[in-house]
Structures are given as C-alpha cells and as structure tokens.
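Read off the chains here:
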Amino acid sequence: MLQINNLHARIEEQNILKGVDLTVSAGEVHAIMGPNGSGKSTLASVLAGREEFEVTDGNVLYQGQDLLEMEPDERALEGVFLAFQYPVELPGVSMNNFLRQALNQQREYRGEEPLSAGAFLKRMKACAALVDLDPQLMSRAVNDGFSGGEKKRNEIFQLAMLEPRLAIMDETDSGLDIDALRTVADGVNALRRNDRSFVVITHYQRLLDYIIPDTVHVMVDGRIVRSGGKELALDLEKKGYDWIREETVAV
Amino acid sequence: MSNSDKTTSLEALFVDAFEAYAGNPPPANAPMPVNGLAPLNAMQGFRRQAIERFRELGIPSRKNEAWKYTHIPEALARGFAVSTGGSIPDPGAAETAQCALAGLDAHIVVLVNGRFASEHSLIGNLPEGVAISGLGTAASTHPDILRNHFGHYASWEEESFTALNTAFASDGLFVYVPKGKIIEKPIHVINLQKTNERLFLQPRHLLVFEENTQAKVIDTSCALTGDATFTNAVTETFVGERAMVEMYLVQDPGNDNAVVSTTHVYQETASTFTATTVTLTGAVVRNNLNVLPNAPHCETHLYGLFLPGGATQVDNRTLVDHAQPDCVSNELYKGVLNGRASGVFNGKVFVRQDAQRINAFQENKTIVLTNEATMNAKPELEIYADDVKCSHGATTGQLDPEALFYLRSRGMTKQQAQGMLLHAFAGDILNRISIEPLRRMLDERVTRLFGE
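In the order they appear, the protein sequences are chains H and C. So the first sequence is numbered by numbering that gives the first Met the number 0: it starts at 0 and just counts up by one. So the second sequence is numbered by numbering that gives the first Met the number 0: it starts at 0 and just counts up by one.
Bear in mind the hints are in silico, worked out from the structure with no lab data behind them. Don't be surprised by glycine CBs; every beta carbon is placed ideally from N, CA and C. A portion of the hints provided could be inaccurate.
[To be verified] For each label pair, taking beta carbons as the anchor points, the in silico distance ranges come out as: (1) C:92 - H:124: 46 to 56 Å; (2) C:397 - H:113: 23 to 33 Å; (3) C:443 - H:113: 19 to 29 Å; (4) C:433 - H:131: 36 to 46 Å; (5) H:26 - C:397: 37 to 47 Å; (6) C:122 - H:116: 47 to 57 Å; (7) C:184 - H:144: 33 to 43 Å.
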C-alpha cells in the first residue's frame with residue numbers, strides 16, 4: 000500500500016524529515032508517536048501533498064505509484080485521505096455542497112455515476128451517525144463555528160464519506176474529551192477493512208487503547224527510531240520520550 | 000501639449016456642446032423627451048450655473064486625491080459626442096427582451112441611451128397615484144415633485160460630474176410613490192445602449208418614496224451593439240419617513256464602456272435604505288454613493304461586490320453622513336480582482352457632533368488573484384459625537400492557501416477549489432439579495448466567472 004524510503008523534507012531552510020522509512024501493508028493500522036517537533040505532522044503533510052514542504056531526498060510509493068509526483072487532488076482521487084490536525088474553516092462553503100462536490104469528483108474519477116440526491120442524503124446521515132456528528136451541521140458552512148470536537152468528528156465523518164484506501168490521521172485525538180475520543184475511535188474501527196490502511200499520528204498513547212494498532216513507530220528528530228507492537232506505546236507512556244531519545248543516542 | 004491643456008480641451012468639448020444645446024432650444028413640437036422639460040427648461044439659469052461650475056471644477060484628474068486611482072481624463076480622451084437628444088434608436092423587441100432578468104416579474108422601464116423608451120417599457124398596473132416613467136415625461140406630469148426634489152440632493156456646486164449632468168439633464172428614470180403605497184413587484188430599469196458613434200450619456204434619475212412606502216428598484220445595464228459609451232449618471236433618491244427602499248445597481252456595461260454613477264440618498268425619520276452595487280465589467284467604473292440620514296432612527300445598509308478582470312478599474316466611493324442621532328449604518332464591500340484590474344474602496348462615515356448613539360460599521364474585503372491586479376482601500380471614520388459605536392476595517396489579500404489545500408486534499412482541482420472559495424466569498428453579498436431571480440442570475444455569473 001505505502002512504502003516510504005529514506006524520505007527527507009524541509010520547510011524553508013529547516014530540515015525536518017531526515018530519512019524516514021516506513022512500510023504499511025493493506026489493512027494495517029500503523030501508529031506514529033513522537034515528541035513535539037519530531038516531524039510527525041510534517042510526514043502527514045508531505046504525504047498529503049502540502050506544497051510548502053520540499054522533498055530533498057527519498058521516495059514514496061503508493062500502490063506502486065510515485066506519490067510525490069501527484070498533485071494533492073490526484074492523491075485524494077487515488078484514495079489518500081488526510082484527517083487534519085487543524086481542520087480549516089470555510090465560511091460560505093456549505094457542508095452539503097462541499098461533500099457532494101468532493102464525493103462526486105471521486106466517483107467520476109472511478110468511472111461511477113454521481114450519487115442521487117436521496118442516496119447522498121442517506122449516506123450522509125449514516126456517516127454522521129457513525130461519529131455522532133450533529134446532522135444540523137450539514138446545513139452549515141464547513142467547520143465554520145464548529146467546536147474543536149465537532150471539527151475532529153467532521154474529519155472522520157469525511158473519511159467515512161470518501162472511503163479512502165489510505166487514511167492519515169494527524170493528531171485526531173488532540174482536543175477530544177474521553178467520550179468523544181471513544182466515539183471517534185469506534186467510528187474509525189468500524190471503517191477498518193482489509194483493503195484500507197491507517198496511519199495514526201498521535202502524541203499520546205490513549206487513542207491507541209481504542210484504535211489498536213498493528214505496529215507502533217516512534218519518531219524522533221525526523222526519523223523513525225523504533226518500531227514495535229502495541230506494547231511499545233505503553234512503554235512510551237510510562238517512560239516518556241526521553242527514554243527513547245537516550246537509547247537512540249546510545250545506539 | 001501639457002497635461003493641463005489636454006484637460007482644458009476635454010472640458011471645452013462639454014462647454015461647447017452645452018452652448019450649442021442651450022443656444023438651440025428644441026422647437027415646441029419636438030418629440031419627447033426634450034420638449035417635455037418645462038420645469039427643467041424653467042431652470043435654464045440653473046443649467047447655465049451648473050455648466051459654469053463644471054468649467055471651474057473641471058474634469059477630475061489624478062492630481063485630485065478623490066480621483067487618484069481612476070483615470071477619467073484618459074477614458075474621455077478617446078473622444079465622445081455629447082448626447083443632447085435627437086431620435087432614440089430602436090433597439091428591437093427581441094434584443095430588449097434579452098436584457099430582461101429571467102423569471103423576474105417586474106415593472107420594466109427601458110431607457111435607451113439614457114432616454115425613456117415607452118414602447119419597450121412594460122410598466123404594468125400600479126397602485127393609485129404611483130408613477131413610473133421617464134423624467135422627461137414627469138416634468139409635465141409631476142412638476143411639483145420635480146420642483147421639491149430635483150437638484151435638492153445631488154450637489155452640482157461641489158461635484159464636477161453632477162454639475163455636468165445637471166447642465167444637460169433631460170431624461171432618465173422617474174419614480175414617485177405617494178404616502179402609504181407599497182410596490183410589491185420590483186421596478187427594473189434596463190439601461191440599454193445602442194450607438195454607432197462614441198457617445199457620452201447623461202441619464203438623470205429621480206426617485207421619490209414618500210412616507211410609509213415600500214419599493215425595490217433594480218438598475219441593470221445592457222450594451223447591445225456599436226461604439227463605446229461613457230455614462231455620467233446621477234440619481235437622486237428621497238426616502239420618506241418609515242419608508243423602506245432597496246436599490247440594486249448591477250453594472251455590466253462591457254469592458255469598452257465607462258461609467259461614473261453618482262447617487263445621493265436623503266433619508267427621513269425611521270426610514271430604511273439598502274443599496275447593493277455589483278460591478279462585473281466596465282472600462283472605468285466610478286461609483287459615488289452618498290447617503291444622508293437626516294433624521295433619527297434611520298437604518299442604512301450599503302453592500303458592494305466588484306469582480307473586475309482584464310484592465311477594468313472599479314472605484315467605489317461611499318459617504319454616510321450621520322447628521323442625526325440614533326441611526327444605524329452598515330457597510331460591506333467585497334471584491335475579487337483578476338487580470339490587471341484595479342479596485343478602489345474609499346468609504347467615509349461622518350458622525351456629526353450631535354449625532355449621538357450612532358452604530359456605524361464599515362468593512363471592505365478584497366481578494367487579489369494576480370500579481371498585476373491592485374487594490375487601494377481607504378476606510379475613513381470621522382466622529383465628532385462621543386456616544387457612538389463605530390468600526391471600520393479593510394483587508395486585501397490572496398485566497399487562503401490552507402483553505403485551498405483543504406479542498407484539494409478532498410479531491411477538488413485547484414480551479415474547483417478556487418471557484419468554490421471565491422463563490423463563497425461573493426456569496427456573502429449575493430445571499431443578501433432579496434430578489435431571487437436577480438440573486439440567481441448573479442450567482443450564475445459568479446459561477447461562470449470563477450468556475451466550480
């Protein structure tokens with residue numbers, strides 16, 4: 000599904016990613032943990048195609064294709080989805096219009112007919128229910144005046160609507176209280192399929208109590224320094240990132 | 000030739016045309032509208048004073064701070080014949096029909112080159128006492144109304160273009176709504192232009208809404224064929240006590256034609272006035288919108304949307320002069336500049352010394368799509384009262400790259416994402432338009448303009 004080799008990226012003159020290697024197979028959930036500034040969100044941004052980052056070395060293969068050569072919208076059409084850490088408010092752009100455009104764009108790309116108004120509405124209701132998102136929000140502008148929790152749920156709601164192959168969740172847990180966290184995690188779990196992969200970026204282990212990852216990676220200073228099973232997350236929670244940092248230096 | 004010589008020669012063009020016009024008054028049996036102007040003709044002295052004043056004030060050049068960014072002498076330098084009457088070209092019924100708004104049930108007034116064309120107008124049934132006609136006609140049908148209102152609000156002493164218009168004023172839209180009457184359907188004025196020579200047009204509109212009346216007026220332009228025009232329009236609007244008036248000015252004259260539109264609005268106690276000015280095309284478009292809420296408890300809303308591309312210059316200058324207490328004014332102008340277009344917003348709000356408890360808000364937001372387009376925004380508040388709530392602001396910038404990325408990350412192309420955001424930006428103004436066929440037409444124009 001996804002193969003990242005020796006990825007280096009920088010923003011302006013600052014090198015952030017310094018050789019990331021990561022392989023995600025279809026159906027797997029990979030968690031990436033790491034302290035602030037370790038490059039987790041940069042990795043998500045580079046994968047989604049944010050233009051302010053410059054890739055200076057390495058490559059990314061997505062379903063056998065060179066991901067870095069694709070425009071952000073092409074990546075989306077090919078099934079890459081980024082759940083934003085800070086979802087953007089779009090005053091004047093209605094949720095309804097936004098989702099219909101996005102969904103039909105993707106359907107057209109796959110050679111499918113646009114959804115009928117009725118089918119679209121039905122799908123919207125079902126997906127909103129999945130993350131307990133207030134259906135009233137559908138008549139509002141995208142994220143405009145949404146609470147922090149509503150914005151995060153809205154990201155997972157869109158994930159459910161757009162049915163990506165590769166979902167990258169950038170700190171979806173931050174700003175969610177424990178009830179919302181459970182709801183969102185339940186939603187994500189319901190969306191797990193053996194042909195859909197998740198990269199879950201998080202600062203804390205808590206989310207991983209609910210979304211059980213196949214593999215946990217620890218990112219420090221622009222590199223993945225350790226990978227392991229879900230118990231690695233628990234170790235990190237107990238011992239803190241300094242433990243890894245020290246070990247890395249020692250190695 | 001120096002710059003000032005050139006300017007002098009521009010003015011001479013008008014003064015000479017005036018002398019020819021005034022020196023040859025139309026014969027008593029001349030066709031409408033010129034011979035219908037008894038009260039205006041009775042003000043020949045007034046006309047002469049106006050042309051004298053125009054000569055003194057001159058065509059505003061860029062040295063004039065208020066006209067710094069709008070190149071009027073350059074636009075006039077192409078040479079225009081000053082229209083002083085003559086026969087009205089027949090635009091043809093089919094062509095006229097194209098200029099109507101789809102689905103709009105309205106009282107339709109057609110002006111051809113600034114002159115009332117009764118055979119193309121479809122005014123329909125009106126409540127008793129209400130008059131919708133050409134100003135030339137009104138000069139004989141409503142002499143008292145003209146005497147009490149014409150020339151009372153638009154100051155020819157102070158404004159060069161108003162002086163010029165006043166010197167030549169002969170026809171335009173006339174609306175009179177007597178006390179207590181409601182006009183349920185909008186009044187739609189279609190400004191048709193058809194000419195085979197470069198023509199300088201000076202329509203003059205007078206709208207009088209007496210106490211406790213309600214009306215909506217749409218003013219659209221429709222350039223059919225022929226050569227370029229320069230329109231110098233002046234509108235005077237009286238909004239009586241508790242009257243509610245909405246005016247929509249939709250400017251789409253085509254990129255060869257220039258417009259200076261000056262509107263003066265006078266509001267009486269507890270009246271509500273809303274103006275929406277939408278500018279789509281034009282060579283040079285300058286709008287002077289002046290509102291004087293001259294009594295307490297008035298409400299004034301001024302909305303603007305300008306979407307020029309090419310080399311179009313759009314210059315919106317507004318003035319709300321709060322002379323009396325307890326009034327509200329709210330102003331929002333939004334623009335999207337493409338190509339080499341230039342935009343100006345100069346909004347002034349005056350709160351005079353005794354005008355306490357005024358709420359006045361003013362905002363201008365502009366998105367500049369190219370490096371060649373430029374925007375100059377100058378919001379101004381002048382407050383002499385102490386118990387007021389006022390704010391103003393202006394922002395000019397590009398589309399938010401983060402918002403664009405968000406949409407693209409959901410599968411929309413750059414073009415679609417941009418179209419969606421621009422549409423939403425313009426929607427802020429469009430969604431305030433209370434006449435659905437007009438809103439829909441503009442919404443479709445915006446969609447075509449930006450794609451989606």
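Tested hints:
no.	hint	in the structure
1	C:92 - H:124: 46 to 56 Å	holds, 51 Å
2	C:397 - H:113: 23 to 33 Å	holds, 31 Å
3	C:443 - H:113: 19 to 29 Å	holds, 20 Å
4	C:433 - H:131: 36 to 46 Å	holds, 37 Å
5	H:26 - C:397: 37 to 47 Å	holds, 41 Å
6	C:122 - H:116: 47 to 57 Å	violated, 41 Å
7	C:184 - H:144: 33 to 43 Å	holds, 37 Å
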